[in-house]
Amino acid sequence: MSVRGLIVGALFVALIATLIGCWLYGRRLVREERTDAVFGNPVRALGGWHWVVSGVATILLVWLVFSWDAARAFFPEAGNELCQVAKLANAVHPMRSVFPFESRELRGTEVLHRERGQLERLERTLGRSDFTEPDRAGLLPLLERTRALMRAQAAENSVNAATRAAIVELAGRIDGVTAALESGELPEGAEAAIGTARAEREVWGGTSTEIPTEPISVRGALFDAASTRLSDIAADFRRIRNLSERFERGVAELDGELEALGEGAESEAVRDFVRQLDKLLKRLDDGTIFPPKALDPIEDALARLEAVQRERQGVLGLIDALAMPGGSIVAGNTACTEQGSGRWLPKPSDTLATLARISDPDVGYKGVPLLWYRHKPLAEMVGFVIPDRVADLVPGVYPRHGTDGFVEPNLKTRVLDIATGNFASPSIAVPTGHVWDSILRVVAGLFLGIALGVPLGLFMGLSRFAKGFFDPLIELYRPVPPLAWAPLILTIFGIQDDGKIFLLFMVAFAIMVISARTGASGTQLSKIHAAHSLGASKWQIVRNVILPNSLPEILTGIRISIGVCWGTLVAAEMLAGTTGIGFVENVARKSSDYEIIWVTIIILGLLGLLFDLIMRWVIARTIPWRGKG
Amino acid sequence: MSDLVAESLDMKFTSPAGDVVHALENVSFTLAGGELLAVLGPSGCGKTTLLNLIAGFLRPTGGRLTFGGREIDGPGVERGMVFQQGALFEWLTVAQNVDFGLRMKKANRRETARKVEEWLDIVGLQGFGDTPTYQLSGGMQQRVALARCLINDPDLILMDEPLGALDALTREKMQSLVLRIWKETGKTIMIITHSVEEALLLGERLFVMAPRPGRLHREYALPFAERGLGQDLRHVKGDPEFARTREEILAMIWDMEEEIMGKTPA
Chain A
1 MSVRGLIVGA LFVALIATLI GCWLYGRRLV REERTDAVFG NPVRALGGWH
51 WVVSGVATIL LVWLVFSWDA ARAFFPEAGN ELCQVAKLAN AVHPMRSVFP
101 FESRELRGTE VLHRERGQLE RLERTLGRSD FTEPDRAGLL PLLERTRALM
151 RAQAAENSVN AATRAAIVEL AGRIDGVTAA LESGELPEGA EAAIGTARAE
201 REVWGGTSTE IPTEPISVRG ALFDAASTRL SDIAADFRRI RNLSERFERG
251 VAELDGELEA LGEGAESEAV RDFVRQLDKL LKRLDDGTIF PPKALDPIED
301 ALARLEAVQR ERQGVLGLID ALAMPGGSIV AGNTACTEQG SGRWLPKPSD
351 TLATLARISD PDVGYKGVPL LWYRHKPLAE MVGFVIPDRV ADLVPGVYPR
401 HGTDGFVEPN LKTRVLDIAT GNFASPSIAV PTGHVWDSIL RVVAGLFLGI
451 ALGVPLGLFM GLSRFAKGFF DPLIELYRPV PPLAWAPLIL TIFGIQDDGK
501 IFLLFMVAFA IMVISARTGA SGTQLSKIHA AHSLGASKWQ IVRNVILPNS
551 LPEILTGIRI SIGVCWGTLV AAEMLAGTTG IGFVENVARK SSDYEIIWVT
601 IIILGLLGLL FDLIMRWVIA RTIPWRGKG
Chain B
630 MSDLVAESLD MKFTSPAGDV VHALENVSFT LAGGELLAVL GPSGCGKTTL
680 LNLIAGFLRP TGGRLTFGGR EIDGPGVERG MVFQQGALFE WLTVAQNVDF
730 GLRMKKANRR ETARKVEEWL DIVGLQGFGD TPTYQLSGGM QQRVALARCL
780 INDPDLILMD EPLGALDALT REKMQSLVLR IWKETGKTIM IITHSVEEAL
830 LLGERLFVMA PRPGRLHREY ALPFAERGLG QDLRHVKGDP EFARTREEIL
880 AMIWDMEEEI MGKTPA
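So the sequences go chain by chain: A and B. At position 385 of the first sequence (counting the first as 1) the number is 385 in our numbering, and the numbers step up by one without a gap. Positions in the second sequence are counted from 1; adding 629 to them yields our numbering.
Wrong hints could be hidden among the right ones.
To be verified - Cut-off 20 Å, straight-line C-alpha distance, at most; resulting in silico cross-link-like pairs (SDA-like, lysine to any residue):
no., chain 1, residue 1, chain 2, residue 2
1, A, 282, A, 115
2, B, 816, B, 681
3, A, 538, B, 734
4, A, 293, A, 107
5, A, 538, B, 889
6, B, 735, A, 537
7, B, 816, B, 687
8, A, 538, B, 880
9, A, 538, B, 703
10, A, 366, A, 587
11, A, 293, A, 304
12, A, 279, A, 304
13, A, 538, B, 707
14, B, 802, B, 765
15, A, 412, A, 427
16, B, 866, B, 880
17, A, 293, A, 96
18, A, 590, A, 308
19, A, 282, A, 109
20, A, 538, B, 686
21, A, 366, A, 356
22, B, 734, A, 537
23, A, 376, A, 440
24, B, 816, B, 797
25, A, 538, B, 702
26, A, 538, B, 681
These aren't lab readings, by the way, just hints derived from the structure by calculation.
From just these sequences and the hints, can you work out the full model?
Structure representation (structure tokens):
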């Protein structure tokens, strides 16, 4: 068992133990409470950390089970063995499908059933007015002869001796495979192959292909060997047809007559009838109709094989059914794959391993780390902050090069050097990476939205002019879903940070304006009167009464803005750009990399939670009086 | 001391639908410095409108209103106001509420802190300076509102049903407090109430107003406020003269209310 498997296994056991422990504890509490607890008393919904723990444990258990991580931890060889079983099933399938194992009827029964119905339908068409009486008289016997042919095929004596012998021989070969599977003897060289496969770590989840096809256990090797032999047998089986000379002659005669009739006929109805009957004859010519008991030896042999296979499979079937719910392992040409929940729900251990892998700043994703730092010279930041035009405003002119080819710097060039960040300076560590980029965009957009939205919102809440003048502007763009603006904004401002920050600014701005306006216009008149008669000026009232009074609405607005900004940002990053969490998820989506997709989902969830916790803390700290005024 | 003079005040409100409500009609009176006036009347008689006019929150549509010889033009610190629900700033502590006016004036900080201590002492809130106001009971909140108004040293204190939302016990204590402050500071106080008992207890003078249009109906000069300073308020209430006046005013207000009901088609 691998280290990863050990950890998952231990976690699984611990989770089950936790779940049971919490349930027992909870039940004991309920029993103790029963005497005095009143149904409907809201106090009964308070507390109960053990139910929180059991909820979390249940989620994790469901994840472990349905991602088949638990199955892989406890039965690391089961994946490979089930792959061998799947290979055997693929090999036997062409034979089994002839017999009523999974289907309702024997193949021959089914064919007779279908073709008889077809003949009846053809006979009924003869009653239509576009057939002349002579046509009918000529065609009806053909139907009768076809029926006779089908009857003859189903008769006990239709099978020739060679075919009978071939059937018995095939049944014997199947029994041979069954015996080998039962005795457990491996073909030559299989033992060594197992060793090689194991040495190459050809286990479940050990290589890039999900489950390699080479067997890594004795049981698997047995199934592997059986499946190879059975593929050959199935190929031979497909060649067995019930085609006696008499039948072939009858079909050929009928075919010749039909052809003549079809060529000579003038009526479209007759030609169509002939075509239909001809097709039916060709189907019968496949020789799939045997007498009812003719194939019994093979059916019995297959049943015996199935019984032995089941026995040999042992607990594998149980593991497949219980430990790998929602799908199974399917054999392909080069590798076996997980199909079902094991495929799209990545295993927690793999997901964490992927997270750990791309968290390594040297690996990252598409050359960019998730969240790391890099050294950046201070000069670069100074150059970014100070506009270059400052140097142009310094009096004087830029120097010209001298006759010696050198340029003598003057005051203007020195200022320009500072403004463009072209000077020696110490470096400081700044954060970088996909996660940081996303956070920075949200924070920048949000900050601009708050800084401009709140003052305008307060103004609009207090002034008829401002409300009337700015309302159309905001109501013009706010009802449009932010993503509808994205293509336009990203074209104008660029697909990198500028465009995204502006888009988020638009989102946050509208929300902040509306919440600040609601807060300001909801200020109680008596408070403003009180401030007035206490001698406060207009500006003092805005600053000391209206702003603090609007804080609950403003903070709620910020909280909503954060949520909407996150959603918009991720979608915008999916649309365009080369960094950010949305970008990572979009690239992973294109390559169906489910583990990366889940990693991004988890990161987004955690960051959303983090932002919300910060906002809750801020709200609890700044407006404890909310709703109590 | 400055007098408050109202000369044939008239106040009409026009609703957005165009209906005109005649809130006050021809109200004239003079309130001398240091007087304690109680205003009583059925609901809708324009008591609060009158107070808002004096505070400067509204402008009269007719007549003149002067305080200390100067026409009232907007709110001013010389006319302090105590509101029905306190109208405290719940995001500030008790001390920050009380010193709000002084902070707006950017007064000396140490001086301000001393005054806050002093006033919290007077209204009986020693040690509550750092308590957030939303944690106070209704009576305590009204004390803060009173201190916040008085620290600004206004000449005229306007009270709009300041004790209306309090329970009976707290109310009685607060009534004593108002009387004490009136006596100790010698301020002019105008108090609006809808409790006849309170009006009788607190009013040195009493105006009974009548509705539709709001006007002064009758004026009383009362001895009970003076007496309340010296003795227990319950003794004052036990006085037969107190009971007689109360019944008389109650009957008057009942008549007015009935008149309104009669006017309104059922």
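Query raised in the report: What are the numbers of the hints that this structure violates, sorted from low to high?
Result: 5, 7, 8, 12, 15, 18, 24
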